[in-house]
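Here are the chains, one letter per residue:
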Amino acid sequence: MATKFASKDVPDLFYVNADYAQQWIKEGFLAPLDDYIAKSGFDTSQFFGGYASIFKGTDGKTYGFAKDGNTIGMAYNTALVPTPPKTMDELVTLAQSLKGKNGLKAPICLNPGLDRGLAFLYAQGGALLSADGKASAIDTDPSKKAVQWYMDLFKNGLGMTASDMGAGWCGDALGKKSAAIIFEGGWLDPAMTSTYPDVKYAWAQLPTGSSGSPVTISFTVSYSIGADAKNKDQAWVLLQYLTGKDGMTKWTSGGVALPARKDVPTPAGKDVLAASSAFAKPGSGFMPGWSDVQKAFQDAFTAQIQAKTFNADPVITAAKAAINKALAGG
Amino acid sequence: MTSPARPIRADTAIAAAPVGDRSWKWRRRLAYVLLIGYAILMFVPFAWSIITSFKTLPDSVRMTVVPDPFTLQGWDYAITKLTPPMPVLFLNSAVIAGIVTVTNLVLGSLAGYAFARLRFPGRELLFLVVLATLMIPDQLRLVPVYLILNGIGLTRGLGQYIGVIVVIAISGTSIFLLRQYFLSIPRDLEEAARIDGAGFLTTFLRVMLPLATPALSAVAILTFQGTWNGFFWPLILLQDQSHYTLPIGLLSFRTAGGFATIYPPLMATVVMATLPILILYLFFQRYFVEGIAASGVKG
Amino acid sequence: MTAASRPRTRGALSKGRAEALAGYLFIAVPMVLFLVLNVGSIFYALYISVWKWNLRTGPVTFMGLDNYTKALNDPVFQTAIKNSLYYAVVWVPLTMALGLFLAVIVNQKIRGQTFFRAAYYFPAIASSAAITTLWIFIVAPDGIFNQSRAAFGLNPLFSLLGFSPAQNWIGDQGTALNSIILLNAWTTSGTFMLFYLASLQSISHEVYEAAAVDGANAWQNFWRITFPLLKPGHYFVATVAVIGALQLFDQALIGGGVNGDPNNALMTMVLYLYNAAFHQFNFSFAAAIGIILFAVIFTATLVQRRLFGQAPAW
Chain A
590 MATKFASKDV PDLFYVNADY AQQWIKEGFL APLDDYIAKS GFDTSQFFGG YASIFKGTDG
650 KTYGFAKDGN TIGMAYNTAL VPTPPKTMDE LVTLAQSLKG KNGLKAPICL NPGLDRGLAF
710 LYAQGGALLS ADGKASAIDT DPSKKAVQWY MDLFKNGLGM TASDMGAGWC GDALGKKSAA
770 IIFEGGWLDP AMTSTYPDVK YAWAQLPTGS SGSPVTISFT VSYSIGADAK NKDQAWVLLQ
830 YLTGKDGMTK WTSGGVALPA RKDVPTPAGK DVLAASSAFA KPGSGFMPGW SDVQKAFQDA
890 FTAQIQAKTF NADPVITAAK AAINKALAGG
Chain B
1433 MTSPARPIRA DTAIAAAPVG DRSWKWRRRL AYVLLIGYAI LMFVPFAWSI ITSFKTLPDS
1493 VRMTVVPDPF TLQGWDYAIT KLTPPMPVLF LNSAVIAGIV TVTNLVLGSL AGYAFARLRF
1553 PGRELLFLVV LATLMIPDQL RLVPVYLILN GIGLTRGLGQ YIGVIVVIAI SGTSIFLLRQ
1613 YFLSIPRDLE EAARIDGAGF LTTFLRVMLP LATPALSAVA ILTFQGTWNG FFWPLILLQD
1673 QSHYTLPIGL LSFRTAGGFA TIYPPLMATV VMATLPILIL YLFFQRYFVE GIAASGVKG
Chain C
28 MTAASRPRTR GALSKGRAEA LAGYLFIAVP MVLFLVLNVG SIFYALYISV WKWNLRTGPV
88 TFMGLDNYTK ALNDPVFQTA IKNSLYYAVV WVPLTMALGL FLAVIVNQKI RGQTFFRAAY
148 YFPAIASSAA ITTLWIFIVA PDGIFNQSRA AFGLNPLFSL LGFSPAQNWI GDQGTALNSI
208 ILLNAWTTSG TFMLFYLASL QSISHEVYEA AAVDGANAWQ NFWRITFPLL KPGHYFVATV
268 AVIGALQLFD QALIGGGVNG DPNNALMTMV LYLYNAAFHQ FNFSFAAAIG IILFAVIFTA
328 TLVQRRLFGQ APAW
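Protein sequences, first through last, are from chains A, B and C. 590 is the number of the first residue of the first sequence in this note's numbering; add one for each residue after it. 1433 is the number of the first residue of the second sequence in this note's numbering; add one for each residue after it. 28 is the number of the first residue of the third sequence in this note's numbering; add one for each residue after it.
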């Protein structure tokens, strides 16, 4: 897409991934929508909190509306896991009982980065940023313990990366029966039905951790209008429809993504994931320089698990440095 | 025993062994076995990719040589379900490689002839420019070329094809090889044609070009292979998915697609990416070798 | 009518002029392309690298050398340089040696010479994308390499070296770059073999005849005669190899993704450049990286010229 911005070959209406939203807003690629909202009286109150904030600029203007989203849930092989665990402790016990059995490479397939790890960090009472989002909180005691807890899953052989299992991503691991439990979003369903139709699995909410309340992370994409678009008015009409109640109902009934609005009914088979939308925190796009922070965390984390030292401290240090740098505008 | 009268060359320096030495014979046999073994090893990975493309997914991670069951699922998946589908990738690769080969032949032979045989002021300096282009890494010109093409609209829609072709339309190596070859042709025929009143273009087309078939074949093969296999400029300039060539398709399957470990269709795509060059190689091996060796003569 | 008696028509170009015109016309298209998109682009790159560049609007503010200092201070770029240099230092001699070895063998008057030459060059004909994808499949944790070494009972040997039975060769930060080195040594050895073959065939027999009279054996022939006489060949192959090594990209991108995973093990200078240009869309930064890369390559080439002590015979 960015090459389209560069070549001024901008579609009138297009998706903006949360990962890029803040950067594109800053660079002036997106058109502000506030005038359109005022003129047409579009109801913006029904969007889930976790999705709406991402597409607002630092100037307070709105640059897009979430067209749908996805939350991370727990998908498990029903043949190997009769009852899904409800808490993190139960997850660990279950994994220990599955370890080394049934040809599993590891009970759980996990990512060594914050693209999934963030959910576990939140669940175990940690945080990346302070409440006002202006300072790093990765080095507080709860955060450190949370990261070490996640690291220990790898250390004790309960979790393994997809790559080490010979899979491209954890969905592959579930499909090839290399793992019994994975953490993914609604995109898992079409992938499983088309590539691994014989594997029976089910969804459950992310187990509750020591934080005591259910939490997960979400990813979303907005519809936005290009700043250079030629047909902004018509684009707004379409955007309004697609992110309004009726349009979103129609387009999310298909089954990959979840509605971003509370007033849209849940698509079939997605009850668990949709219910998580209420308490999901953004999994990306909530701070500047997110991809650098992500990379710093993942690089340090990977280094630890591959060197088999499994120490969370270097990961914390690297993440903290990256967060501070990102917050400072570097 | 070697006698001084028998010519010793580099190619017999090792093979000329004392006759009648039995341990040497066994060592030679062992050497042959190792050499043949290593040669066969060269083909094993590609053979493995062919075999895997006919297996089912669970079977593809087993070490068996015969697919069990033998299935066309992988191929079917590659042709119908991959995005972009394999036939599209194949077509894109073929069109671009074909056009670039033609431009290299035309522009390369014209320029090669001019540098070899025509006299014009600044010829040597301009030829140095040609050589200089071989020293400039593609990555250095990534950003400037992209911005230039962007500025003239060759980074959007169908212009992407034109952009790629323009960037690799002519290579310094083609000009170099053809110039080298033209230099080696005796002047008599040319002079005879000039005396008969032929113009420069006619001399070139009717007399020189037909004489240069070996060099032209080498350039054609090298260019086709290089472009068909080319990765860098298609990656940068062919941004629309439906424009991808086979190598870029493979990359996108590996990094973005989630097809990274769905081996049978992935291997089917690998086979299709390699098959045309393989066929060319089987029939025209000599030209590959001559082409590479000739570009090495520079040193 | 002979040429001498043909009257010169008024207005026609003199022969010399006509030839020059033809010359310029014949080289026109390539020269324009080269000057604009090739040689000229260096200057444009320099220009771009000193301005902050907005994707939509072009140059915004003058940055001076900020991009360069930012790059050289970035630990990820430092790792990239380290990786590129390590790769060059290990891969170049390895592949040259392999190529020379194969060339010497194929040059022998043994049966099946053409077959061997064809076979040993074969891995070089496939695209980097295809062969790297294939390689990743073969060295995957459950791929045939790991499986066959288990079947041949070689695992104890590997364990001694610290490799587990399900070793993730490309995905492990300790082995990723070395796996790529082996992959590229295998594929490029064929090309270097052909380069060396051309040089080998230009060595005259008389030298060997003289050596034979002195009673030299094959080993001495190789080290005392062949190897030194190949100096132009060595120079050419080494130059091409070092330039190619410093430009390592395709395999790094396919193996480690745009971030050089795992943990920057596969981050090379060019991958870093690509990342800056097309994932962070920081064109001016990427242009600066390109200039730095060119400086490194140019320096390496100059150093080699010094070491080998002669200019190539263009």
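Hint data in this document are derived by calculation from the structure and do not stem from the laboratory. Treat the hints loosely; a few may be bogus.
[Said to hold, decoys possible] What follows is a set of in silico ranges between Cβ atoms, one per label pair, in the way DEER data are often shown:
| id | chain 1 | residue 1 | chain 2 | residue 2 | range |
| --- | --- | --- | --- | --- | --- |
| 1 | A | 817 | C | 73 | 53 to 59 Å |
| 2 | C | 250 | B | 1634 | 29 to 35 Å |
| 3 | A | 745 | B | 1501 | 36 to 42 Å |
| 4 | C | 182 | A | 675 | 47 to 53 Å |
| 5 | A | 788 | C | 73 | 51 to 57 Å |
| 6 | B | 1466 | A | 877 | 45 to 51 Å |
Note that beta-carbon positions come from the ideal geometry of N, C-alpha and C, so glycine has one too.
We went through each hint and held it up to the structure:
1. About 29 Å separates the C-beta atoms of residue 817 (chain A) and residue 73 (chain C), a value inconsistent with the hinted range of 53 to 59 Å.
2. Between residue 250 (chain C) and residue 1634 (chain B) the Cβ separation comes to about 55 Å, which falls outside the hinted range of 29 to 35 Å.
3. Taken as a hint, the range 36 to 42 Å holds for the pair residue 745 (chain A) and residue 1501 (chain B), whose Cβ atoms sit roughly 39 Å apart.
4. Distance hint check for residue 182 (chain C) and residue 675 (chain A): the Cβ-Cβ separation is about 41 Å, which falls outside the suggested range of 47 to 53 Å.
5. Judged by the Cβ atoms, the range 51 to 57 Å given for residue 788 (chain A) and residue 73 (chain C) holds: they are separated by roughly 56 Å.
6. One distance hint, 45 to 51 Å for the beta-carbon pair residue 1466 (chain B) and residue 877 (chain A), is violated here, with the actual separation near 59 Å.
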